[in-house]
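Now for the letters of each chain:
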Amino acid sequence: MSFLSEVPLEDRLGPLEVFQKGLGFIPNLIRAQSLLPRVIEAQAIKERAISLQEGALSRVQKEQILFCIAANRQDAYCAAIDNHVLRALGVSEDRVNDLINNHRRADLAAADVALLNFCLKLGSDPASVSSKDVDLLREHGFNDQSIIEAAVTTGLAVYRCTLSIGLGPEPDFESPKFPAKPTPAAPRSLDHAHPAPQEKRPYVHAPYVSVESFAPFAILHKSHAFIPGLFRSQTLRLDLIAAEIESMGPILMPQDILTRSQKECIMLAVSAANLNSYCVAAHCNLLRGLGLPAEEGDQIAVDHHQSALSQKDKVLLDFAIKLGARFADFSRADILELRALEFTDKQILECVAVTALNNFVNTVQMGLGVEPDFEVPPAFERNKVYLSAAADRLIAGASVVRPSTAAGDDPDADLAAAARAGNLDAFEELIRRNSRPVYRALAAILGNEDEAQDAMQDVLLSAFKHIAGFQGRSKFSTWLVSIARNTALQRLRERRNDESLDERAFDDDRDFRPRQVRAWQDNPEQEYTQTEMRQLVEKGIMALPGKYRVVVMMRDIEQLSTDEVARQLGLTVPAVKVRLLRGRLMLRECLSPHFARDVRRVGQ
Amino acid sequence: MITCDEFFTEFGDYLENRVSPEVRKELELHLSQCRACHVLYDSTCKTVKIVTDSSSFDLPQTVSDSIIDSVMAKLRADKA
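Residue numbers (the numbering used here), protein chains in the order written: chain A, 410 to 1013; chain B, 8 to 87.
These aren't lab readings, by the way, just hints derived from the structure by calculation. Worth double-checking, as some hints may not be accurate.
Here chain B is said to cover these stretches of chain A; the calculated rule only asks that three of the stretch's residues, wherever they fall, bring their Cβ under 8 angstroms from a Cβ of chain B [claimed, not checked]: (1) 561–567; (2) 964–975; (3) 981–989.
Reference listing, derived: stretches of chain B covered by chain A, where coverage requires no fewer than 3 residues with Cβ under 8 angstroms from a Cβ of chain A [unchecked claim]: (4) 8–16; (5) 22–31; (6) 47–56; (7) 59–67; (8) 73–85.
From the derived model, a few chain B residues whose C-beta atoms are all more than 10 angstroms from chain A [said to hold, decoys possible]: (9) LEU38; (10) SER39; (11) GLN40.
Ideal placement from N, C-alpha and C gives every residue a C-beta, glycine not left out.
Model the full assembly from the supplied sequences, consistent with the hints where possible.
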């Protein structure tokens, strides 16, 4: 028996056939997931696409990768299966023993040694992989299709190992003997956490594939309003992208065991422990889309113990981080600790599967050098150095680090501290410095300048009343503007305006199409005075529906970055982008009669 | 060449200069050959520039000062 309870599996269960046909047996690792057949389905999709068929790499090459990574991690369970499969594929016992002891001494072609070097580095210290490692593969004749497959196969190895460590299945076969002293994983170098910015990324060629021409992209675009760079970087291997996207669904989408938020928190915390900036940025974004404040996502990335999560959820994240990033210390006792907190075996299984999936994604992203889709939370970037040491202490049960937060470079920090202590002069200076964004936030939401001026007084009084509650977790200006925004929203509700600013469903930008198709003049501004231009713009913006108006104001008038707008509004970056584009196009429609060619000035 | 629908899907990111070189190449090829999309692109860029340069919604200093003065007078009176 594995760590968790099991139920008998029906032999006719579809995903089981994948293993029965591909391997000739059902591994105990699969039976250990019997409480949630959909999790088995996720693994079956991956195995079928990656390990169980010839691809740009041969089955033997891929099995050697899986075996060497399992052996390097001293994962007796996975190494035993891979040993069995290698032998079935015709690899000699001597070769297998050489692979375990030192693959460089095995009777392998130079290209295969280079391939294993790359995959072992990626599997044991992914943050250290750079474009130079990929170039080395190219020098040995590997093309970009096979390099993608190598990264994905390594991801699969890490996925399997995470499952086997977390679930503790009974061995299917006797494990080969590991050498007495395994090659220790290279220590985490902090230089690796900050790769050279000039590096070309991603490391592989990624031809353009449109959302319209590839069904998995269309599905992602519909649900998330964007295609992550992780997938755009693999467009030479649409078969692998399709399998990766398909296999995520059964683990991440259902809400019957763990909630979406819990799963996203697991992936955020484990990615942070793995120093994976790409995934930290992605999950912070997704969590915002689920309603979690931006600061809370940052806090989970830096140190979830200091977050507002429940104690039970914090322990769940401790469990996942240990399994995903400090697996050598993981044991059955960790399962028992979750059970003692009344987590069910299904919940624990799902947590293990989410952690395994996270490690798959972390590995593939690092292997291909995919650029973050969103701004990486500055608090996380600053704390990366600290984090790599902190996670060890966290597992040891010692004190947790106190993170510095986004407020670290707040120019208003000193004044805010004085104002908190009751210094009215400091407060006056603070509000004089920040009155402009407050006014714009009010005008943007209320859509009426007189009312914005009227509301401004309420906002400033309210800010003073609540200044003791300003903890410095965000910049003072952000905090003040959020009061303005809440005040404006309250006023909107009071006047029963049915304009909704915060509906979270994605707008489909394709149902809005521009109607004005006349070309504009070369220098449209020259026709109008500065005052006239300002009036035209203000009129156009005020006529926009609220949810577009707010985004256009923040991005184009206040000139905040798209990421900052998303943070402040508690929206995902893709949701902001959709609203921004639509708002800009609506404004364009509105301005077009004034600036199109061959039209006289309106009113003349 | 990509279609107008495909161009439109990437349009927002293109305006924000957030597309990969591969995507940019496709979009620029399309723009060079499709008048309707070129007009859309050109006029939207101009819209953004006009809005950005317009100094709109600047609260006049006198109005801002008077609101802040009145708030501070109230706070100082409450404190006293």
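Are any of the numbered hints broken by this structure? If so, which, sorted upward? 1
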